[in-house]
Each structure stands twice: as structure tokens, then as C-alpha cells.
Amino acid sequence: MKSIVLKGHNDGYEISLKDSASFTDILKELKLLFADLSVKQTFNQQESVAFEITTGTRLLLAEQRKAIEAIVSAYPQFTIYKFSADVILTSQAREILQQKSLHLEGGIIRNGQVKELTGDVLFIGTLHQGGMLRTTGSIFLLGNCEGILQAGYPNDSAAVIVGDFHRAQQIRISDAIAIIAQEKQAVTAETAAYVNDLHVLDYTKREQVKQIRPKLFARTGGL
Amino acid sequence: MGKAIVITSGKGGVGKTTTSANLGTALALQGKKVCLLDLDIGLRNLDVILGLDNRIIYDIVDVANGRAKLQQALIKDKRFENKLFLLPAAQNAEKTDLTPEQVKKIVLELKPDFDFVLIDCPAGIEQGFVNAVAGADTAIVVSTPEISAVRDADRVIGLLEQRNFKEVPQLIINRIRLNLMNDGQTMDIDEITRHLSIKLLGIIVDDDQVISTSNHGEPIVLQENNQAAQGYRNIARRLLGETVPLMNIEQAEKPGLFLRMRSWFKKK
Numbered sequence: 002m003k004s005i006v007l008k009g010h011n012d013g014y015e016i017s018l019k020d021s022a023s024f025t026d027i028l029k030e031l032k033l034l035f036a037d038l039s040v041k042q043t044f045n046q047q048e049s050v051a052f053e054i055t056t057g058t059r060l061l062l063a064e065q066r067k068a069i070e071a072i073v074s075a076y077p078q079f080t081i082y083k084f085s086a087d088v089i090l091t092s093q094a095r096e097i098l099q100q101k102s103l104h105l106e107g108g109i110i111r112n113g114q115v116k117e118l119t120g121d122v123l124f125i126g127t128l129h130q131g132g133m134l135r136t137t138g139s140i141f142l143l144g145n146c147e148g149i150l151q152a153g154y155p156n157d158s159a160a161v162i163v164g165d166f167h168r169a170q171q172i173r174i175s176d177a178i179a180i181i182a183q184e185k186q187a188v189t190a191e192t193a194a195y196v197n198d199l200h201v202l203d204y205t206k207r208e209q210v211k212q213i214r215p216k217l218f219a220r221t222g223g224l
Numbered sequence: 590m591g592k593a594i595v596i597t598s599g600k601g602g603v604g605k606t607t608t609s610a611n612l613g614t615a616l617a618l619q620g621k622k623v624c625l626l627d628l629d630i631g632l633r634n635l636d637v638i639l640g641l642d643n644r645i646i647y648d649i650v651d652v653a654n655g656r657a658k659l660q661q662a663l664i665k666d667k668r669f670e671n672k673l674f675l676l677p678a679a680q681n682a683e684k685t686d687l688t689p690e691q692v693k694k695i696v697l698e699l700k701p702d703f704d705f706v707l708i709d710c711p712a713g714i715e716q717g718f719v720n721a722v723a724g725a726d727t728a729i730v731v732s733t734p735e736i737s738a739v740r741d742a743d744r745v746i747g748l749l750e751q752r753n754f755k756e757v758p759q760l761i762i763n764r765i766r767l768n769l770m771n772d773g774q775t776m777d778i779d780e781i782t783r784h785l786s787i788k789l790l791g792i793i794v795d796d797d798q799v800i801s802t803s804n805h806g807e808p809i810v811l812q813e814n815n816q817a818a819q820g821y822r823n824i825a826r827r828l829l830g831e832t833v834p835l836m837n838i839e840q841a842e843k844p845g846l847f848l849r850m851r852s853w854f855k856k857k
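Protein sequence lines, in the order shown, are assigned to chains U and B. Under the numbering used here, read the first sequence as residues 2 to 224, first letter to last. Under the numbering used here, read the second sequence as residues 590 to 857, first letter to last.
Please keep in mind that the hints were generated in silico from the structure rather than gathered at the bench. Misleading hints may appear alongside valid ones.
[What the hints assert, rightly or not] Below, simulated DSS-like cross-link-like pairs (lysine-lysine); rule was C-alpha separation at most 27 Å, straight line: (1) U:116 x U:67; (2) U:83 x U:3; (3) B:621 x B:755; (4) B:788 x U:116; (5) B:694 x B:622; (6) B:755 x U:116.
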């Protein structure tokens with residue numbers, strides 16, 4: 002048994018596949034291991050056992066996972082509850098980075114233009130009337146906003162809009178929309194917008210954001 | 590090699606054609622060789638403003654489709670010996686009869702022979718606009734102090750900025766009505782320029798004579814003592830690289846006698 006190692010933890014069993022071994026060797030050894038285990042297990046107990054498969058710095062393809070699952074499925078008492086690796090695809094990493102980091106956005110968004118971003122945005126540019134700034138996360142404003150701000154696009158109602166948006170035409174968070182000129186409550190430069198528990202766009206003071214959305218602040222570094 | 594400038598605005602009726610005609614004439618008066626390109630296919634009128642309408646034989650669509658040579662279709666304005674030419678738009682054609690590539694080819698063919706190729710863009714941002722901007726090196730955006738014109742200018746500047754011209758677009762604020770602007774009834778020049786965030790090339794005051802001279806097929810620039818004409822001449826000089834200060838239009842309207850008398854007392 003060189004390519005795979007069976008370990009027992011407090012919270013279950015783990016089979017770690019060595020990332021330096023060839024996949025054909027791993028499959029061979031897995032077959033032997035499970036055949037062996039099924040014989041031994043009948044002497045011990047009858048409950049089913051779930052395994053976590055860890056792959057180190059190797060990423061399994063969908064077919065490779067299926068091949069492993071096929072071996073295990075021959076034994077009804079054994080299941081795999083999780084595949085995990087120490088690594089992720091760079092594309093995934095980039096996506097996470099996009100989602101989690103705060104993007105600085107400057108420049109002018111003109112009438113008819115839609116600027117689409119992912120993650121949280123610190124906007125220091127100018128948003129003209131008829132222009133739209135749209136992001137999946139929250140929007141923090143330092144710039145001049147006279148257009149439409151859309152945070153939490155398409156459906157993240159945890160997003161907030163903080164900063165001076167009192168001259169904006171509309172603000173949207175998730176699927177909630179407010180037309181600023183029609184708002185009963187006066188929107189000032191110190192107002193922050195969020196979606197409340199009743200799923201209605203609501204306003205609060207800028208300094209209250211920390212109480213309303215503590216998760217926004219639970220961030221360490223870039224990731 | 591000349592410079593191709595598209596004159597555009599988004600909104601109709603702000604004075605693109607009048608600006609094209611007058612700027613072309615002003616540049617010709619400065620001794621530059623200018624070709625005006627009318628791309629408002631179907632609704633041509635640059636030729637009318639210049640008084641050249643009865644001399645049209647071939648038009649831009651004829652040239653694009655190879656029915657006529659470029660030199661055959663160019664109309665020379667005899668008032669400015671060999672300085673001002675017009676390539677007229679077609680009337681019995683549609684904007685879709687031209688492709689951006691065809692326009693680009695014509696502009697490229699014209700550029701070596703002229704100092705300036707001014708392209709008169711139709712209103713709107715569809716095919717006609719795309720055709721007009723295709724061959725241009727830079728753009729002049731015309732707006733009036735009305736909010737709707739400024740909003741459309743903003744939209745057009747956004748589209749122009751995506752094209753990465755060699756030179757950034759510049760702004761002309763046209764048809765300024767002094768009494769409204771001084772009263773704060775319309776946006777003022779600073780406000781418009783700041784809002785659109787592009788360089789101001791010049792301002793033109795609204796003047797009845799602009800319309801009346803156009804009706805006679807004679808651009809206003811040819812009038813010597815006219816504020817609008819001065820505005821166009823200043824713009825032409827700025828295009829040629831001169832530094833010309835902005836006309837002080839507030840001075841144009843002198844306060845009445847009573848106000849002037851009151852200000853004497855205020856000082857003391």
C-alpha cells in the first residue's frame with residue numbers, strides 16, 4: 002500500500018490518495034483496500050461507514066471521481082461523503098478573489114452605460130444621470146452619483162449601499178428598488194441603504210451599518 | 590495628411606449641420622483645404638445651407654457603390670477658390686445602404702488631399718452614427734444648454750470614448766441664449782463642461798441671423814460683426830492650434846441704466 006493511506010479520525014475515516022502516485026495505481030489499491038475492509042468489517046459491526054477522500058495537491062476530474070465512486074458502490078456498507086483537496090483551480094481562486102475583495106472603481110459612467118462588476122465596490126468616479134453601476138456585492142461611495150446604483154445583483158439582499166447617494170436616480174439592492182426623489186424619508190449624505198428583515202429597502206445612519214451587517218466587516222486580508 | 594473630425598450630438602436640431610458648414614467655411618477662410626462629408630443619408634441638407642444644392646450630380650452612396658469616382662462627386666464651393674468641397678449625402682437611399690468600411694475607405698481617400706475632413710453625423714446613435722464615426726480621427730460633440738441635449742451628448746461621448754480615438758472628443762455649446770443663461774434658467778457653460786468632463790472647444794450664442802443666412806445658402810461665418818460668426822471663427826482658430834480665449838458672453842449684455850446707476854452708489 003504505497004499510493005493510498007487509510008486514517009481514522011475522531012470524526013470518521015479518511016483515505017488520502019498520494020498526489021505523487023499514478024491514478025491507475027490508486028484505483029488498483031482502492032479495490033484491494035475495500036475488498037479487504039469488507040471482509041474485516043463483517044466481523045466487527047454492521048453499521049455503514051463513510052469515508053472522506055483527500056487528494057492533497059491533486060485535483061480529481063469528474064471521471065476520476067466516478068471511477069472511485071464505482072469501486073465503493075460495490076459495497077453497500079461503505080460510502081464516500083466528501084472529496085477534498087488542498088488546492089483549487091486558479092479560475093476558482095480568481096472568482097473568490099473577485100467576490101471577496103474590494104474593487105476600486107473610478108472614471109465616468111455616462112448616460113446609457115452600465116458598469117458591471119463583481120464583489121464590493123468603492124466608487125470614486127462620477128456616475129451620470131442615466132448611467133448604472135451594478136455589482137454583486139456592496140457599494141461604498143466617495144464619488145458623485147446621479148445615476149442608478151445596483152448592489153447585490155442579482156439576488157444578494159445582504160448587500161448595502163453606503164455613502165452619498167442622495168442625488169442618485171434610483172438605488173437597487175437585490176430585487177428591491179427605491180426611487181430616491183420619491184422617498185418619504187429624507188436621504189442625506191449620511192444615509193446607508195439595506196434590505197431589512199421584511200425584504201424591504203430601508204435606510205439607516207452610516208454608523209449603524211456595522212450593527213446591521215457585521216459580516217461585512219469580518220474580513221481578514223484579501224481573501 | 591489631413592484630420593477627419595466627426596461632428597455629432599445624439600440629439601437632433603442642436604446645430605450639427607450648421608456647425609459643420611460654418612466650421613468648414615471658417616477653416617477655408619483661414620486658408621485650409623476642407624472637405625465636408627454629409628452622412629445624413631435620406632435627409633441631406635448640408636448642401637442647402639452652403640447653397641450648393643442645385644449642383645449635386647453624384648452623392649456619397651454613388652461613390653461607395655462605385656457608380657461615380659470620388660473626384661466626380663465632390664462639389665467645389667466657388668466662393669473659396671479650391672478650399673472648400675462637399676461630398677453630398679444621398680436622398681433616395683437609406684442609412685443602411687452605406688457600411689462603416691465604405692465610409693472609412695472614402696475618408697482615407699480624402700485625407701491626403703485635404704487639411705480637414707469634417708463629417709456631418711445624422712442624429713441618433715444607430716447605423717448612421719456608426720457609419721459617420723467609422724473613419725474619424727476625433728469628434729466634436731455639439732450640445733445646446735438644454736438638459737435633453739446634454740443628456741444625449743453624455744450618451745454619445747460614452748459611445749465615442751469606447752472607440753479610442755487618437756484625440757479625445759471636444760465640446761461645442763451651441764445656441765446659447767444669454768438672457769436665460771444669465772438668469773440661471775439654463776445650465777451654464779461651466780456646469781455643462783464639468784458635467785460632460787470633456788474639453789470645451791467653443792461656444793456659440795443663439796442668433797437669429799444664423800437661421801436667416803442659412804436660408805440664403807450662406808454660412809453665418811461670412812458675416813463680419815456677428816457674435817455667432819465670431820464664435821465659429823474662434824473655434825476654427827483653436828482647431829488650428831491657436832490659443833483663443835473664450836468669448837466673454839456675459840459682457841455682451843450691458844446692464845440697464847438704472848442698474849448701472851445703482852452700482853455707482855453701492856461702491857461708495
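* To do: Mind checking the alpha carbons of residue 83 (chain U) and residue 3 (chain U) for me, to see if they're no more than 27 Å apart?
  => holds, 22 Å
* **Hinted pair residue 755 (chain B) and residue 116 (chain U), Cα distance within 27 Å** => holds, 24 Å
* **Hint consistency between residue 788 (chain B) and residue 116 (chain U) [alpha-carbon to alpha-carbon, up to 27 Å]** => holds, 23 Å
* Are the Cα atoms of residue 116 (chain U) and residue 67 (chain U) separated by 27 Å or less? -> Outside the cut-off at roughly 41 Å; violated.
* Are the Cα positions of residue 621 (chain B) and residue 755 (chain B) separated by 27 Å at most? -> holds, 21 Å
* **Agreement of residue 694 (chain B) and residue 622 (chain B) with the hint, judged by alpha carbon distance not exceeding 27 Å** => holds, 19 Å
Checked against the numbered hints given earlier, this structure breaks only hint 1.
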